[in-house]
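Novice: What follows is each chain in one-letter form.
Number of protein chains: 2
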Amino acid sequence: MLLRSFIIPFRGLPLLQFSITTPTRPARVGRLTLTHGSVETPVFMPCASLGVVKACPADLVAEAGLGMVVSNAYHLWLRPGHEVVRDLGGLHRFMGWDRPILTDSGGFQVFSLARLRDITEEGVAFRSHISGEALRLTAEKSLEIQNALGSDIAMIFDECAPYPSAHDYIERSLERTLRWSERSQAAHANPRQALFGIVQGGVYPDLRARSAEGTVAIGFDGYAIGGLSVGESKAEMLAALETVLPYLPEDQPRYVMGVGTPLDILECAARGVDMFDCVLPTRMARHGSLMTWDGPLKINRAEFARSAEPLDPDCPCPTCRRYSRGFLRHLFTAREPTGWTLLSLHNLTFYARFMAALREAIAAGAVDALRARLSAWTRREREEAPKT
Amino acid sequence: MLLRSFIIPFRGLPLLQFSITTPTRPARVGRLTLTHGSVETPVFMPCASLGVVKACPADLVAEAGLGMVVSNAYHLWLRPGHEVVRDLGGLHRFMGWDRPILTDSGGFQVFSLARLRDITEEGVAFRSHISGEALRLTAEKSLEIQNALGSDIAMIFDECAPYPSAHDYIERSLERTLRWSERSQAAHANPRQALFGIVQGGVYPDLRARSAEGTVAIGFDGYAIGGLSVGESKAEMLAALETVLPYLPEDQPRYVMGVGTPLDILECAARGVDMFDCVLPTRMARHGSLMTWDGPLKINRAEFARSAEPLDPDCPCPTCRRYSRGFLRHLFTAREPTGWTLLSLHNLTFYARFMAALREAIAAGAVDALRARLSAWTRREREEAPKT
Numbered sequence: 001m002l003l004r005s006f007i008i009p010f011r012g013l014p015l016l017q018f019s020i021t022t023p024t025r026p027a028r029v030g031r032l033t034l035t036h037g038s039v040e041t042p043v044f045m046p047c048a049s050l051g052v053v054k055a056c057p058a059d060l061v062a063e064a065g066l067g068m069v070v071s072n073a074y075h076l077w078l079r080p081g082h083e084v085v086r087d088l089g090g091l092h093r094f095m096g097w098d099r100p101i102l103t104d105s106g107g108f109q110v111f112s113l114a115r116l117r118d119i120t121e122e123g124v125a126f127r128s129h130i131s132g133e134a135l136r137l138t139a140e141k142s143l144e145i146q147n148a149l150g151s152d153i154a155m156i157f158d159e160c161a162p163y164p165s166a167h168d169y170i171e172r173s174l175e176r177t178l179r180w181s182e183r184s185q186a187a188h189a190n191p192r193q194a195l196f197g198i199v200q201g202g203v204y205p206d207l208r209a210r211s212a213e214g215t216v217a218i219g220f221d222g223y224a225i226g227g228l229s230v231g232e233s234k235a236e237m238l239a240a241l242e243t244v245l246p247y248l249p250e251d252q253p254r255y256v257m258g259v260g261t262p263l264d265i266l267e268c269a270a271r272g273v274d275m276f277d278c279v280l281p282t283r284m285a286r287h288g289s290l291m292t293w294d295g296p297l298k299i300n301r302a303e304f305a306r307s308a309e310p311l312d313p314d315c316p317c318p319t320c321r322r323y324s325r326g327f328l329r330h331l332f333t334a335r336e337p338t339g340w341t342l343l344s345l346h347n348l349t350f351y352a353r354f355m356a357a358l359r360e361a362i363a364a365g366a367v368d369a370l371r372a373r374l375s376a377w378t379r380r381e382r383e384e385a386p387k388t
Numbered sequence: 001m002l003l004r005s006f007i008i009p010f011r012g013l014p015l016l017q018f019s020i021t022t023p024t025r026p027a028r029v030g031r032l033t034l035t036h037g038s039v040e041t042p043v044f045m046p047c048a049s050l051g052v053v054k055a056c057p058a059d060l061v062a063e064a065g066l067g068m069v070v071s072n073a074y075h076l077w078l079r080p081g082h083e084v085v086r087d088l089g090g091l092h093r094f095m096g097w098d099r100p101i102l103t104d105s106g107g108f109q110v111f112s113l114a115r116l117r118d119i120t121e122e123g124v125a126f127r128s129h130i131s132g133e134a135l136r137l138t139a140e141k142s143l144e145i146q147n148a149l150g151s152d153i154a155m156i157f158d159e160c161a162p163y164p165s166a167h168d169y170i171e172r173s174l175e176r177t178l179r180w181s182e183r184s185q186a187a188h189a190n191p192r193q194a195l196f197g198i199v200q201g202g203v204y205p206d207l208r209a210r211s212a213e214g215t216v217a218i219g220f221d222g223y224a225i226g227g228l229s230v231g232e233s234k235a236e237m238l239a240a241l242e243t244v245l246p247y248l249p250e251d252q253p254r255y256v257m258g259v260g261t262p263l264d265i266l267e268c269a270a271r272g273v274d275m276f277d278c279v280l281p282t283r284m285a286r287h288g289s290l291m292t293w294d295g296p297l298k299i300n301r302a303e304f305a306r307s308a309e310p311l312d313p314d315c316p317c318p319t320c321r322r323y324s325r326g327f328l329r330h331l332f333t334a335r336e337p338t339g340w341t342l343l344s345l346h347n348l349t350f351y352a353r354f355m356a357a358l359r360e361a362i363a364a365g366a367v368d369a370l371r372a373r374l375s376a377w378t379r380r381e382r383e384e385a386p387k388t
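In the order they appear, the protein sequences are chains A and B. Using the numbering used here, you'd call the opening residue of the first sequence number 1 and step up by one each time. Using the numbering used here, you'd call the opening residue of the second sequence number 1 and step up by one each time.
Next up, chain A with everything else stripped away, as it sits in the complex (with noise of 0.2 Å):
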């Protein structure tokens, strides 16, 4: 566990390249490389809204195969604070992670954690969900926040709308978001620091079509999808983003924001989607629920206290080389801290190599067989997606 060097010389270096290696489609398989590495697309990225993936120290998240992280504006500015993270050498330095790193920019969680929010053309209004303070995130704020945090992508300042929503609503939203988007874009100063925008417009076709226009019309280094994940069935899901796809460049990086179960994943991947994020892998471990091929696995299972196999036998996680599925019973079972580290850090290996199997699949055109691998994942799952 060496610190290796954070300092990368940026002059003459794009932000951001995106090419596309395996010329497929819609699914494609490319290489995004930002100011702090390369990784491999379609990429998965664990969520690290406090600086770290809850329960797993970043070697771990490293050691799992994960190579970028997801973190957060409104989090880091509560608390320590983006001037400390900035005084302290910047995100990556701050959380000894030297990778590749992303920073939502607020939007989502002022609306899904802070109270008595207020929004209007300026900003949105709060109170801290930490200390109760009365605060105001704008766009201006936002890419302050994040170019003092030094992520390798930031995100403009977007309003996620909750679900349902009615279509006048989501229309005065979007069109408010779409010109946050364009101050997100006059604000952002960090010249190290790749900017996307967002698509919202719920579940209208012709209000997400209005919102991919408006956004790809300011330009931006790459695009997401935003506003989805949030309560609506997973048809609704892919009937925005198929509505969503076409209006984005074909030559630059697509992130759908807060996806997913792995079918999820590979639904939105074989679509055209390069980028995903979601808490579940390390939520589902703290809960206890264990990742594998044939779906997931109660670790509380009463017939699990004596056995002596790894949690996946096939699986080369350092949880599963070395302990058995009865000690991680035992752990989970104590609430031990370090069955939730070890739980976590199956999950997220388990998303690496199912991320890479997605790219393996997509190279191969054989993207149907490997949903059907997964065809032990919930009956939900199975009987909502739509085939492509």
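Where hints are given, some of them may not hold.
Unchecked claim - Where chain B lies over chain A, by a calculated footprint (3+ residues, C-beta under 8 Å):
hint, stretch
1, 37-46
2, 116-123
3, 348-360
Said to hold, decoys possible - Across the chosen pairs, the derived CB separations fall in these ranges:
hint, chain 1, residue 1, chain 2, residue 2, range
4, A, R301, B, E182, 30 to 36 Å
5, A, P191, B, A376, 45 to 51 Å
6, B, K298, A, A209, 55 to 61 Å
7, A, E182, B, R301, 51 to 57 Å
8, B, K298, A, Y169, 36 to 42 Å
Claimed, not checked - Far from chain A, some chain B residues (derived; all Cβ distances over 10 Å):
hint, residue
9, L116
10, Y204
11, A235
12, T338
13, T341
14, D368
Derived from the structure by calculation, the hints contain no laboratory data. In this text, all values refer to a predicted model and were calculated from it rather than measured experimentally. Beta carbons: idealized from backbone N, C-alpha and C, even for Gly.
Model the placement of chain B on the given structure of chain A, informed by the hints.
Specialist: Just chain B now, with coordinates in the frame of chain A:
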């Protein structure tokens, strides 16, 4: 993190070899060789009561430089059950730790954790602190549990009387513990496991002497001094220790249970004690108290928020090599489990380094200089600790 072999041939090997490598007196440096390997003494053993050092995976405990841990018959009997651990290949394989393990008999825990205790000649009836179930722990049961766990060293079943207790009570208690010691020895049936006696007797010199004589008369592979560090003053603790030590065979290992701070360990080792265990390093870590040669350091101090310094610039642990005080303070403040892991790893490394320095000081006749180096540890400790 490869799985090493847990199967060690034992025919012909003694259960315990203890050699004093530096024949100074009364302090000594030695080597203790057990079924699962060797450690240098004086040795500090962190507590893995439930089969895991709290918040610290087994490979990190080894990385911290610690070679032996203490686990617990009471805890593992209650969950997951000693027969479960045995069926999963024994405690070493269960917890992924292939180095020596000592198990305490449950005598201390049944008095400190369980409810509704009823002590009879037979043993102790109590209610589980987890399920409330009515249970009975006896010398025979404790050895059955420890034999099944397969630790390198088992302990006799004793009563750890509270402090303060009347002379009369302690006398009856220690005589009963002597009978339990004989029954423990008779019940001990694992040919790969050494067995230690435990000297009790509270703070009464005549009773400590009686307990030591009686225990040594029965004859064990090593001798523990129990009932210390339970609330008595440091002067009382060291007086009790000094009463007992002359009765213990010089060529066998001596273990003071539940001690303690670096200074307490130094004072005991200076008097000829070889083995120590305590929850202090990991418990202090979870409370944000970090160990340095200059004394404990509270990580939540406001001035650390912007500190880019490592916890301890001279410490070789992964936490100090990789992270700043500012980041560690942030993790601690946000109650991130990774914070407990990283801070525990540092404190365990400090203990390993302290023990190495202590062995070196004993060998060099420089214990006074090491004591002086610990002078920044609390004023109370400095003032109460008599010089040897």
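Novice: Which constraints among the numbered hints does this structure fail? Numbers only, ascending.
Specialist: 1, 2, 3, 4, 7, 8, 12 and 13
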